[in-house]
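*Asks:* What follows is the residue order along each chain.
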Amino acid sequence: MPEHQAYSIPLWPMLLYAGIVLILLSAILTLSYLLGQRHSERATAKPYEGGIEQTGSARLRFSAQFYLVAMLFVIFDVEAVFLMLWALGFWELGWPGYIGASIFVLQLVVVLIYEWGTGALNIGINPNKLMKVVRDHHKKSQQ
Amino acid sequence: MMSIQVSAVLIVAAILFVLGFIGVLTRKNILFMLISVEIMLNAAGLAFVAASAKWQQADGQVMFLFILAMAAAEVSVGLALVLQIYHQYKTLDIEKLNALKDE
Amino acid sequence: MILIWLIILQLGAGILSWLLSKRDNRLAAGIALTAVIACLLLTIQLFARFRPSFAGGGQWLMEYRADWIPAFGISFHLALDGLSLAMLLLTFFLGALAVLCSWKEIRQRAGFFYFNLLWTLAGITGVFLAIDLFLFYFFWEVMLIPMFFLIYIWGDTRRRYAAIKFFLFTQAGGLLMLLSILAMVIIHAGQAGRYSFDYADLLNTTLSPGTAKLIMGGYLLAFAIKLPVVPFHNWLPDAHGEAPTAGSLILAGLLLKTGAYGIIRFVITMFPEAAASVSWWAMLAGVIGIIYGAFLAYGQTDLKRLIAYTSVSHMGFVMLGAFSFSEMAMQGVVMQLLTHGISTGALFAIAGMLKERLHTRELGRMGGMWTTMPRMGGIAMLFTMASLGLPMLGNFIAEFFILMGAFQASVPLTVIASTGLVFAALYSLRMVQKVFLGPPSVENITFDLDARELVVLGALSVSIVLLGLFPQPVFDMITNVIRNLNHTYE
Amino acid sequence: MTVMQHIWIVLGVLFVLLNIAAGLIWVERRLLALWQDRLGPNRAGPLGIFIVLADTLKLFFKEDWIPPFADKWVFITAPAIVAGSVLLSFVIIPFAPGIVVADLNVGLLFFLAMSSLGVYSIVLGGWASNNKYALLGAMRGASQMIAYEVFMGLSLMGVVMITGSFNMGDIVDAQKNVWFCFTQPLGFIIFFIAGVAETHRLPFDIPEAESELIAGFHAEYSGMKFGMFFIGEYLGITLISAMTVTLFFGGWHGPAFLPPLAWFALKTILFLGLFILLRASLPRPRYDQLIEYGWKVLLPVVLANLMITGAIALWLKST
Amino acid sequence: MNELELQALLPFMVLAASSLVVILLIAFRLSHTVIQISGFMMMCLTVICMWLVRDTLPREIPPLLVIDGFAAFTTGLIVFVVLAVGLFSYIYFEEREENPKEYYILLFLATLGAAVLTVSKHFISLFIGLEILSISLYGLIGYLRNRNNAVEAGLKYLMLAALTSAFLLFGMALVYLETGSMDFAVIGRHVQSSGFSVLMILGIGILLVAVGFKLAFVPFHLWAADVYQGAPPPVTAFIATASKIGVFSVLLRFGQSLGLQNEQLLQGIFSFIAIASMIVGNLLALRQQNIKRLLAYSSIAHFGYLLVAFLPGNDNGETAALFYLLSYSVTLLCAFGIITIMSGTKQDAESVSFYQGLFWKQPILAVVLSVAMLSLAGIPLTAGFPAKFMVLASGVEDSRWIPVLVLVATSVIGLYYYLRVIGILFEKPEEETAATKVLHPFFYYATYTSLTVLMLAICWLGLFPGNVIDGIRQLLQLE
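Residue numbers (the working numbering), protein chains in the order written: chain A, 2 to 144; chain B, 22 to 124; chain C, 277 to 766; chain D, 8 to 326; chain E, 17 to 495.
Extracted from the complex, chain A is given alone in its bound form (with noise of 0.2 angstroms):
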């Protein structure tokens, strides 16, 4: 590090940066804050749905498959993290680095064929599945 930061630009105007864009966006928010108008009507202190009246919580249980989404992330973030260490030091590894990284990346792709297999990539409604109830329904209200 030392040496490439003979040449390199140092890391002060970054912080600058970051000052002034953090002036910027409270500037921002406050002068929209004194410009804007107010008014209160009818309708103003409820949600927007469309302009439908607003039923139940906004709190709603959601799938299981936002779940599995984030798992999946947090599972092939925390790999990638592996093979960008693999990639930086791609010369210096050389050959058999080379070799364990296609041993970690069969492992992912094993996985993935797994996930796949059971199901889990599948994330909207299965038609099959969604037909399969609607025609149970079908039958049960012809009973």
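Hints in this document: simulated from the structure, not taken from any laboratory. On a predicted model such as this, the values are computed, not experimentally measured, just so you know. Please note that a few of the clues may not be correct.
Unchecked claim - Label pairs and their in silico Cβ distance ranges:
#: 1; chain 1: E; residue 1: Cys475; chain 2: C; residue 2: Ile278; range: 22 to 28 angstroms
#: 2; chain 1: D; residue 1: Leu25; chain 2: B; residue 2: Val39; range: 41 to 47 angstroms
#: 3; chain 1: B; residue 1: Val39; chain 2: E; residue 2: Pro445; range: 33 to 39 angstroms
#: 4; chain 1: C; residue 1: Phe746; chain 2: E; residue 2: Leu299; range: 51 to 57 angstroms
#: 5; chain 1: D; residue 1: Ala120; chain 2: A; residue 2: Phe67; range: 37 to 43 angstroms
#: 6; chain 1: B; residue 1: His108; chain 2: D; residue 2: Gly52; range: 42 to 48 angstroms
#: 7; chain 1: C; residue 1: Gln467; chain 2: E; residue 2: Pro379; range: 46 to 52 angstroms
#: 8; chain 1: B; residue 1: Val39; chain 2: D; residue 2: Lys303; range: 51 to 57 angstroms
#: 9; chain 1: B; residue 1: His108; chain 2: E; residue 2: Tyr460; range: 31 to 37 angstroms
#: 10; chain 1: D; residue 1: Leu18; chain 2: B; residue 2: His108; range: 50 to 56 angstroms
Said to hold, decoys possible - Computed cross-link-like contacts, BS3-like style, restricted to lysine-lysine with a CA-CA straight-line distance of at most 30 angstroms:
#: 11; chain 1: D; residue 1: Lys69; chain 2: A; residue 2: Lys47
#: 12; chain 1: D; residue 1: Lys183; chain 2: D; residue 2: Lys69
#: 13; chain 1: A; residue 1: Lys133; chain 2: D; residue 2: Lys303
Even glycine gets a Cβ: it sits at the ideal position worked out from N, Cα and C.
Chain A is fixed; fit chains B, C, D and E onto it per the hints.
*Replies:* Quick look at chains B, C, D and E alone, frame taken from chain A:
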């Protein structure tokens, strides 16, 4: 970069570690306990980075990456369990989980 | 080789009778009986073969040795000398009678019963034969587990408590002994440069007096619990009281003897100085046992517990004799082991037979048996007399020799011990009076001994009388042993 | 370089960025109109350019509405996060030799870190609004962004492998002869797709998805807070374009007849145009299609890209 | 990495591959039976590989691993345990509500983790092994996720394991800060040259707290009983054996490299922990009515015994510890195998009273369980006896009288509850229950047979431990 004394970093790490530990011991909500554990793990990671800076080696930083990975894995399983616990007990209070005990 | 066969025969027969028990209880009993009698015959043949060489030659009459765990210098080392031979004879004799006793008593799960009985006997055999200390400890424990089952499964109402208590007490002692063995082996290894658990090797270990005392303490405690010496006698009345007849017979007749055997074979032989230094205390413990046992026996209302406490008392004599370091006392001790085995065994057998008839062990609910069962009454009288040390019977000789020997060592203790004989007379007579004399109780309409029972009690009676009249063969058998002991005394 | 020069660079970059963000609104509307065969803004000023000014002023004077049911402070900070993080990402981009705010040697990681901060603004904004549609949009946005974050990071690793550095300057230098879009075509395509998804631009504007979620995560926002989401989006487009140029199209490299900065600007503008073209021409996929596409197509491809790149690079080196 | 090193690693690669294979099998939707059998084959393959590469040992694979006789033994033991656990798992999980397939992935991963622990000579490998092990275990413990007990146990284990990891890492960081290396050998050299500094002792102390948690030493034992009870019996068997073998072997290796036993303070701490574990474990076990909890507390005590073998820090101690681990594992497998095979679909056979009169209904199972209990109690004829004997011998040899005496005293206490269990087996059965239909005859009888074989193994180890001891000594290159 400013050179920061290794011992100072270590003290910060130790404080974080102790805070996390206190959190684990005093908190009753499982999520907060998990977070406290994460704090402890990160404190350990910080100590590793400090040590690795002291010896000018990459080992400590490598270790930090492993800690990250492990924390992620742990949290994914942990959250899954928390979900299941909430599903079954309708609470995240660790003291309500007392089906297993000595008779 | 014959030594190992003695053990294997019993182990094998045990498994066999278990496996075949589904068919027929009698078959299981038959197998067991055959095996034990075969062993008895083998031992008698050994006795006959070695009779001329009892007095001469080396320490062992016979040896068998095979490597077992060479890394630790552990070998499968069995050896026979006069003492072991005497004990083996007793073992198989009582073993055969135990099988006979259970013939009718055990109806449920007989196969497993005989399996346990035979394995206990095998363990006892092993204890009397093993001269590798690891092996000794091994057998010491092996005889416990089946005994535990005997009490636990076929015992009386409080059998679980009794069984577990019995096991815990003996095991605690056993582990201390194991520690002592280990300490000794390691000290020996330090001196000789190799591990060895062999009796002969360890005998030559030089120990500092303090260490020797500690190590001996471990052994002594194990044997004292087994014997039992008074503060550790707690398990005995429960175990003896709750066990089935055969169990009590083996417990009283054989298991206690292993403690005595251990004291003679290991404590006194291996640590003569240390043993001598505690001898007074040990004798004191013996004397307390004599008096206290007798005292408690007198207070019992339960027949089997009464007999159990007499054992405590009698074993006090063994302790007294063993630590008085005289040739005569030692002869008396061996004699006591044999005669006590027979007489107490017989008493337990009688108690068992009574229980079969009356379904109770309470003295209060017995009485007047003599009228309905004269034969049993007579035999019971004989053994009561034996137990209280009537001359002409084996016990008299034993106790007489012990007291004579002990007299040289400590006069006051001997005097107190002698009063134990008076107590013995008291409790024995009380027992006879309660059970056989007095007004007959109403429900005691019952029948006298049948042929099988007669064989059992007859054999016991004959042997006790024979031992009383002709003790010499026993003394012959142990000449060599006592000579060796004499070396150590000096 | 002197201190003043640094300060000028900082100020200049900020100035240009803010103007681009505003100007893009006009550019986009004009271009969309062009491609969709209509007029677009044409009244205020030449070619309607003053619409930018009008819009900005309008936003300032609109009601600064904080719903009473919202979580106030989170509601306020959410838009600031997106604008701030995107603005900060620009510090590592070398616009021309020497013109860079901070030449970090973990530049690429800094970019990835900053761009992933954007997800917070969506989630927090949507959650703080306490509105069903907002929350739905936020959840969708979160899963979309974190999913594509992975591929974005991985797609760049081919470049890093060849360069052996996370430093943006080094990466640009490495493209002196061959641009990485030729050696890393897969990487480029995936990066660009992931970039579109990261900025949740059309066709991947699933968190907003006007036709199904009203306005998604910013349904409750108004005034300049909404404006900041807006600025954030346009800055995001600019960022991705600039990064694409830097990483795959040689940055400021180009034939000498134009100065480096001009080359950089030109290329970036091309990509901005491409973004707008995408918006004009492509329909929005369903949420599940988008996510599945990511895991089932992009991830295998990106891994394959890595392995192939590695093998070829090592093979070339050894021969 | 040269060819020989690669060869030495082969068994571990096979082990790692096995979970990948299972993952693929699941992805292609193959049946439980196929997975079970191929998992079994993979484990066998691992054993074969170990056999094939035996000549290349011992071999260091710098910087992280060392594969020597010690590692070969412990890894072999772990794989053996997993073979048995895997077999038990079939009938258990096939009859439960949860899809049983993923179980094997986690099982094999946990195995890999434990195996990595045995070969690690570096903090990084230690950490990785431990985490692979624990994270798989969370899943395994909570596998029957719809049962309250299982998730509760899983979460408790997770909390404690995460805490453990934090401690472990912090301790490692301190040691690293002090020595500048994470290699056991280098740390050992540092200790030799400059002794234990305060920071070092602190670091090692924190590290040992973590190890103590994993091995459930007193005072870090609070999780053990809950987890044992809540987890499915095959998993409990795994935790009680394989996972502890792994951690204990790394403790042994670490202790040996650093000469921890020579430091007075640490020595004292170890003694204290050993004594406390023996006493508390045995005392707590006394009152348990749940056989899993009973075994949990008994395992606390047993690891206290094992520490007695660890204390001297010499070759005999190590031999004793390895033999003890072997006999303990075989024994516990028997015990948990019985629990597994006896468990009904709705409820596990946990309560001691469940076993009342088992001997008269299913004599073979009862005998197996009795032998296991006797072995745990250290009674001759069973493997527990030579094991305890060797531990005692190593303690006595080093004149560690207090731990040794405590060992003796507490094993007598322990005897009580083992006997109680045995006793219950021989009680009169409460009522005649109709024999339940065997749902999966092949695997049922395979389990049955393996239990019998394990029992015979216990007896064989108890009667003829000589060969095994010689084998261990050869592996440790003491001869």
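*Asks:* Look at each hint and say if it fits the structure.
*Replies:* Hint-by-hint comparison with the structure:
no., hint, result
1, Cys475/E to Ile278/C: 22 to 28 angstroms, "25 angstroms, holds"
2, Leu25/D to Val39/B: 41 to 47 angstroms, "45 angstroms, holds"
3, Val39/B to Pro445/E: 33 to 39 angstroms, "56 angstroms, violated"
4, Phe746/C to Leu299/E: 51 to 57 angstroms, "56 angstroms, holds"
5, Ala120/D to Phe67/A: 37 to 43 angstroms, "23 angstroms, violated"
6, His108/B to Gly52/D: 42 to 48 angstroms, "60 angstroms, violated"
7, Gln467/C to Pro379/E: 46 to 52 angstroms, "49 angstroms, holds"
8, Val39/B to Lys303/D: 51 to 57 angstroms, "46 angstroms, violated"
9, His108/B to Tyr460/E: 31 to 37 angstroms, "33 angstroms, holds"
10, Leu18/D to His108/B: 50 to 56 angstroms, "55 angstroms, holds"
11, Lys69/D to Lys47/A, "18 angstroms, holds"
12, Lys183/D to Lys69/D, "49 angstroms, violated"
13, Lys133/A to Lys303/D, "26 angstroms, holds"
Consistency with the previously given hints fails for numbers 3, 5, 6, 8, 12, ordered from lowest to highest.
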